[in-house]
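Novice: Sequence:
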Amino acid sequence: MTQLVKRFGRIGRVLDIPHLLRLQLQSFDDFLQRDIPPASREDTGLEGAFRSVFPIEDFYQTATLEYVSYEVGEPKYDKEECLAKGLSYEVPIRLKVRLIVYDVDEESASRSIRDIKEQDIYFGNIPLMTEKATFIINGTERVIVTQLQRSPGILFDHDSGKTHVSRKVLYSCRIIPMRGSWLDFDFDHKDILYVRIDRRRKMPVTILLKAMGLTKEEILHYFYKTESYILDGDRVYRSLDPDLLRRESAYTDIVTPDGKVLVAAGKEITRGAWKRILKSGIKTVEVDPHTLLSEYLAQDVVDPDTGELLAETGDPVTPELVDLLSKHEEQKLDVLHTQGIEVSTCIRDTLEQDKTTDTQSAQIEIYRRLRPSSPPTPEVAQTFFENIFRNPDYYDLSPVGRYKLNYRLGLDQPLDQRVLTNEDILLAINHLVFLKESHGPGDDIDHLGNRRVRPVGELVENQYRIGLVRMERAIKERMTQQEVATLMPHDLINPKPVTAVVKEFFGTSQLSQFMDQTNPLSEVTHKRRLSALGPGGLTRERAGFEVRDVHPSHYGRICPIETPEGPNIGLIVSLTTYAQVNRFGFIETPYRVAREGRVVDEIVYKDASGETTEIIAQANALLDDQKNFVKDQVAARERGEFALVPKERVTLMDIAPSQIVSVSAALVPFLEHDDANRALMGSNMQRQAVPLLQSEPP
893 MTQLVKRFGR IGRVLDIPHL LRLQLQSFDD FLQRDIPPAS REDTGLEGAF RSVFPIEDFY
953 QTATLEYVSY EVGEPKYDKE ECLAKGLSYE VPIRLKVRLI VYDVDEESAS RSIRDIKEQD
1013 IYFGNIPLMT EKATFIINGT ERVIVTQLQR SPGILFDHDS GKTHVSRKVL YSCRIIPMRG
1073 SWLDFDFDHK DILYVRIDRR RKMPVTILLK AMGLTKEEIL HYFYKTESYI LDGDRVYRSL
1133 DPDLLRRESA YTDIVTPDGK VLVAAGKEIT RGAWKRILKS GIKTVEVDPH TLLSEYLAQD
1193 VVDPDTGELL AETGDPVTPE LVDLLSKHEE QKLDVLHTQG IEVSTCIRDT LEQDKTTDTQ
1253 SAQIEIYRRL RPSSPPTPEV AQTFFENIFR NPDYYDLSPV GRYKLNYRLG LDQPLDQRVL
1313 TNEDILLAIN HLVFLKESHG PGDDIDHLGN RRVRPVGELV ENQYRIGLVR MERAIKERMT
1373 QQEVATLMPH DLINPKPVTA VVKEFFGTSQ LSQFMDQTNP LSEVTHKRRL SALGPGGLTR
1433 ERAGFEVRDV HPSHYGRICP IETPEGPNIG LIVSLTTYAQ VNRFGFIETP YRVAREGRVV
1493 DEIVYKDASG ETTEIIAQAN ALLDDQKNFV KDQVAARERG EFALVPKERV TLMDIAPSQI
1553 VSVSAALVPF LEHDDANRAL MGSNMQRQAV PLLQSEPP
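In the working numbering, the protein residues as written are 893 to 1590.
One should not assume that every hint holds.
[To be verified] DSSO-like, lysine-lysine: derived pairs with alpha carbons at most 30 Å apart:
id, residue 1, residue 2
1, K1082, K1054
2, K1108, K1247
3, K1082, K1108
4, K977, K1395
5, K968, K1388
6, K1167, K1224
7, K1519, K1539
8, K1094, K1082
9, K988, K1009
10, K1159, K1117
11, K1224, K1152
12, K1523, K898
13, K1224, K1171
14, K1171, K1159
15, K1024, K968
16, K1060, K1108
17, K1388, K1368
18, K1388, K971
19, K1247, K1117
FYI, nobody ran anything at the bench for these hints, they're computed from the structure.
Between the sequences and the hints, there should be enough to build the whole structure, so can you do that?
Specialist: This is how it looks when you write it as structure tokens:
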């Protein structure tokens, strides 16, 4: 029998509400890749975890244990039996591995294959998700709540003048990987730029740059442009470069070739005056000779007569140096451009604090700061430095971190470039210096572009990796202690550490919760919940007001209403009705596309960072039959602010009014007439309503 649904809403439905459990089901499917043949599996989830740990070699490189593939079996009991008998609904994993034994020639250190053994091994059980997005553990239905966590990537910030007594605004930058050492760059009140690795002792940033292989000259020429002075006896002229203009006063009258005075002596040279000077073809202007004494050399200065080194790159220009050079005929002197708009001497001043001389001494200095107890050798220091953020075994930005780094620094690196490059670090420092000089705004940590979702598949994968790393240590020890040639793969592999970690996660983790089964709504909302708590997340005590607050970027992604009252307020939230999560873990919301005052039949999904340039009309904006905006001025949002804009400027339009709230809040009739606190209580209390045993319509 077809049921006729009468809709009282005045806004037609443009897009059907998506499958409400899709995030959970899709995430676990991507983790297990159960229906995909082993050869076609992607390097994510369980497959990615195995590939990251295998192959395992013993310490003497006489044997290698390689991963081939895994098979997912069928569950031993069905769901009903598991619930009735207090069992877990799980599937067996069978691992196919290959043990390669080598003969090593001690003289030439070359290896030749002696034996290859391939074997299928039972690798423990893993809980299987039901079609209702739950797990049955020891006869009880449990839900793994999705975690909302700070995204890996790069963040620029400032302290708003709260750190130092002088109230000076100190800028900082932090590069956060998915796994590995955090890198912090901070300015102090004297404008010296320091770096911290893993929040340890700070050191001048130029030590890090030298350890990366840059020389003092390369560092200065990367951060500063070069300008030239011409010394002609007692007079000093500066070459004009349209890119290196600065605010200053004219030392003498600046006159065109035909005698017209462009700027009188003592007057400030404005931007307009600079343009007129360059247009008239003037190549140099005379400056006060004392101006030179505030400059720094862009290259080594050598005595023209004797060839003796008088001063090095980066040294300040001294009166003695000027006197010596002015004795000769026209001398050109290249200096660093440190006096202009949005440039300063901070990098040169930092170099002065740095006592290291070359790459080797810089690497040894970093080793000393991070490992003060052990004496360094150049080889150990170099390996240690390379391992900090250039070795994929110890440092992993993840595709998300690389995507955020590319987006923020304007890079075009491939997403599989998961370690830091020299270019990343140099651009990050360059951008930080630019922010400091231009007094630009910092990034908003609470913006949803800087927070990502870790769904069930990723959480289970992380636990699996932890177990596999423990198992790897045990395998290496076994390979070393016993005669490998006589062993089979099953003698080396013991899956207990892995199954123990997975069991512990499903049984006792903060994110593994007993399913709320009061009524169907409470089940659905429990599975769509996002938690900022849990391992690697926040704690109730540490979370401040800003993290809990509603943010403009939550619009259409996280419900502003449905959250618990009490200590967890704002830390546990819900996905909105139409929200979905993209492959990087950022929450997206759908919009209708608008062009030239008309809404077209096209729907796009945008994450919080992707909509910053858009102007978005509300779902209740009036449209005529041709889907043109009726009013010339439309209420719209631009960068989180509400304003009336001309209809031609609108680029997107909301899908439906229920887009901004969760499933639970959307069921409250005439929600817009409620006070926010009452709506919050109403949406929470609906989940506590006890249904009738035999349900019937009212």
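Novice: Please go over all the hints and tell whether each is borne out by the structure.
Specialist: Okay, the hints, checked on the actual structure:
1. Note on K1082 and K1054: the hinted pairing holds, with a Cα-Cα distance of about 15 Å set against a maximum of 30 Å.
2. A hinted pair counts as satisfied when its Cα atoms are at most 30 Å apart, and K1108 with K1247 qualifies at roughly 11 Å.
3. Between K1082 and K1108 the alpha-carbon distance is near 21 Å, which keeps this suggested pair within the 30 Å criterion.
4. At most 30 Å may separate the alpha-carbon atoms for a hinted pair to count; K977 and K1395 meet this at roughly 18 Å.
5. Using a Cα cut-off of 30 Å, the hinted pair K968 and K1388 holds, with the two alpha carbons roughly 20 Å apart.
6. With a C-alpha separation of about 24 Å, the suggested pairing of K1167 with K1224 holds against the 30 Å cut-off.
7. Between the alpha carbons of K1519 and K1539 the distance comes to roughly 12 Å, so the proposed pair stays at or under 30 Å and holds.
8. Proximity of K1094 to K1082 is assessed by CA-CA distance (about 15 Å); at most 30 Å being required, the pair is judged to hold.
9. Taking the CA atoms of K988 and K1009, the gap is about 11 Å. The hint holds against a cut of 30 Å.
10. This hinted pair checks out: K1159 and K1117 have alpha carbons roughly 26 Å apart, not beyond 30 Å.
11. Taken as a hint, the K1224 and K1152 pair is honoured in the structure, with Cα atoms around 28 Å apart against an allowance of 30 Å.
12. A C-alpha spacing of about 29 Å is found between K1523 and K898, which places the hinted pair at or below 30 Å, so the restraint holds.
13. This hinted pair checks out: K1224 and K1171 have alpha carbons roughly 24 Å apart, not beyond 30 Å.
14. Under the criterion of a C-alpha separation no larger than 30 Å, the hint pairing K1171 with K1159 is consistent with the structure, at around 19 Å.
15. Of the supplied pair hints, the one linking K1024 and K968 holds, its CA atoms being roughly 19 Å apart against a limit of 30 Å.
16. Straight-line distance between C-alpha atoms of K1060 and K1108 comes to about 29 Å, which keeps the hinted pair within the 30 Å bound.
17. For the hint linking K1388 to K1368, the alpha-carbon distance of about 16 Å falls within 30 Å, and the restraint holds.
18. Distance restraint check for K1388 and K971: the Cα-Cα separation of roughly 25 Å lies within the 30 Å cut-off, and the hinted pair is therefore satisfied.
19. Simply put, K1247 and K1117 have alpha-carbon atoms about 24 Å apart, close enough for the 30 Å limit, and the pair holds.
Hint check: no violations occur; every hint is consistent with the structure.
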